[in-house]
Every structure is written in C-alpha cells, then in structure tokens.
Amino acid sequence: MSSFIKSRVILMQPTKLLLAIYIMVLGMSMTACNRTSNDVWEDSKSARRHMSRGVRTLGGKGGNSRAIQSRDQFMPGEEGYYPDEDVYANKSNVNNSSRGMMSSSSSPSYTSSESDFVPLSDQANDDMIAMANYVSQQPRETPGDPGSSIPGIEYFQDPSNNPALVGVFRPIYFEYNSSLVKGQESLSTIRDVANYMKRNGNTYVFVEGHCDERGPEAYNLALGSHRSNSVRNILLQEGVNPDSVFTISYGKERPLIQEHHENAWNQNRRAEFKVYQR
6 MSSFIKSRVI LMQPTKLLLA IYIMVLGMSM TACNRTSNDV WEDSKSARRH MSRGVRTLGG
66 KGGNSRAIQS RDQFMPGEEG YYPDEDVYAN KSNVNNSSRG MMSSSSSPSY TSSESDFVPL
126 SDQANDDMIA MANYVSQQPR ETPGDPGSSI PGIEYFQDPS NNPALVGVFR PIYFEYNSSL
186 VKGQESLSTI RDVANYMKRN GNTYVFVEGH CDERGPEAYN LALGSHRSNS VRNILLQEGV
246 NPDSVFTISY GKERPLIQEH HENAWNQNRR AEFKVYQR
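Residue numbering for the sequence shown follows this note's numbering, beginning at 6 and increasing consecutively.
In short, the hints are calculated from the structure, not lab data.
Be a bit skeptical, because a hint or two may be false.
Derived CB-CB ranges, DEER-like [as the list claims (entries may be wrong)]:
1) R204 with A269: 32 to 38 Å
2) I158 with R204: 21 to 27 Å
3) A269 with G157: 16 to 22 Å
4) I26 with R219: 14 to 20 Å
5) A269 with S165: 31 to 37 Å
6) E267 with T147: 35 to 41 Å
7) S193 with D150: 30 to 36 Å
8) N205 with E159: 18 to 24 Å
9) H265 with A169: 42 to 48 Å
Cβ atoms here follow ideal geometry from the backbone N, Cα and C, with glycine treated the same way.
Can you build the whole structure from these sequences, using the hints too?
Next up, the structure:
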C-alpha cells in the first residue's frame, strides 16, 4: 500500500511542474497581448528609420546639401530629417534676432509667412519685421526651362563683379535659426534693390538662401528657402514685378567662410543676389 502511495506522489510531481510551466507561458502571452498594433508599428518605424540612417551614413550620404527651388523638390523624409528629433529645431533658448528684419516705429510692418516647409523659432516683437503674411505670387516663367525667355541661374552674375551693381545688391544677414530680416541696414538694402529693379525693368534676380554649417541638411535647406522667400516677399511688397524675382536655397552647401567659429557662421547666414539683365 505504501509503495502505491509513493508511486502516485512521484507521478504527481511532473504534472505539477507542467502545470506551473503552462501558467507561466499563459501569463507571458497575456502580457504580450497588451501591446497594441500601434505599439508594434511605431517600433517598426523607429527601427526602419534608424537602420536607414545607418546605411546611408555608411554609404557616404551623411550631410551634403543640395539646391532646391520649390516645395516639390523638398522631401523631408528622404534625408532622414524628423523635426521632433531635431535638437536645432526644438531649441528653446535660441536668440531670435537674425537668413531676418528689424524696424523702427516708422517702418512698414511685415508678418511671418506660414507657407514654407518647417517651423522655425522666430517670434515677433517690437523691433522685428518678419516675412510677408501671404503666399506671394509666383513667377510665370522658370529660368532655364525649355521655352523660357530667361536663362538658367548660371547666367545670373555676381553683383560684386559689376561696379554698377555692387553698391545696390548687397547681402542680407540673419541670426541663428531665423529667417527674419532685421535692422534698418537690411531693410534699406532691400528697398534699394526694389527701387533699382523698378527703374530697370529688364533686370531679373535670384535670391539665394544660405545657412551656417550647424544643423541637419534638410532643416538647413528649408531654412535657406525661408530666408530667400522672406527677401522676395518684401521686394514684391515694395512693388517689384513677381516675374522678375526667383529664389533658391543652398542650405549649408556654399559657406562664404569655410571656418568653424561664430564670426564665420555670422557671415554664412545670409541671402545673396544674383543678377541678369537683358
């Protein structure tokens, strides 16, 4: 009789072990089921995003800018730029006094445009003039296109090479992370350009937007576009023919000074003019 009881005890021990294993597996599966499909999808997107960045970096596609002339050419995702992850775009303590504009009490008021690519940190205050608050009229022709009467940008000259133009078409400088045109000097330059173009109807300009070397490629391309369009919008409000003014962004691709300090960055955050006369 005692041997029978012992055999039952021995048989029950594996059964309890299997039961314990079953309960553990069931608990783990219930925990896993608490993850929603959205959780799984977000993890998948993050993994794919960072793998894509790593592959592009190994392939030598880390940070060269490219020129863009329109919204259609700007693809934020293709270069791995995501504004929520950008320490430059999300900086909370940026000094907002710059690829921008300052006014006196007698100056006209320009408010910020909402038509560009990414949000910047510009905040309006009493001594700033922002971009024109409208989607400005686009030119009817694109320089260099087949059938266009205006040649490509390679035929537009640097005004510094022409004594008659160098005193009018001067660079506009901007503060860090800003597209506001600030200061009477910058505003006066834009008015001089506007007056010259209204007197000389055969004059066409490209406004080039440039950035310093800091920040992601895609963000700087967008910031350069903000800056060039900021200048263009003011020219149009000053009465310049919209068919005579074109914009292009080079981001951080074409620094004026190839050094790595604050003075160089100040000079590289700019809008420049290229001029064509027929």
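Do the hints match the structure? See the list:
no. : hint                       : result
1   : R204 with A269: 32 to 38 Å : 36 Å, holds
2   : I158 with R204: 21 to 27 Å : 23 Å, holds
3   : A269 with G157: 16 to 22 Å : 30 Å, violated
4   : I26 with R219: 14 to 20 Å  : 57 Å, violated
5   : A269 with S165: 31 to 37 Å : 19 Å, violated
6   : E267 with T147: 35 to 41 Å : 37 Å, holds
7   : S193 with D150: 30 to 36 Å : 34 Å, holds
8   : N205 with E159: 18 to 24 Å : 21 Å, holds
9   : H265 with A169: 42 to 48 Å : 36 Å, violated
Consistency note: the structure conflicts with the earlier hints numbered 3, 4, 5, 9.
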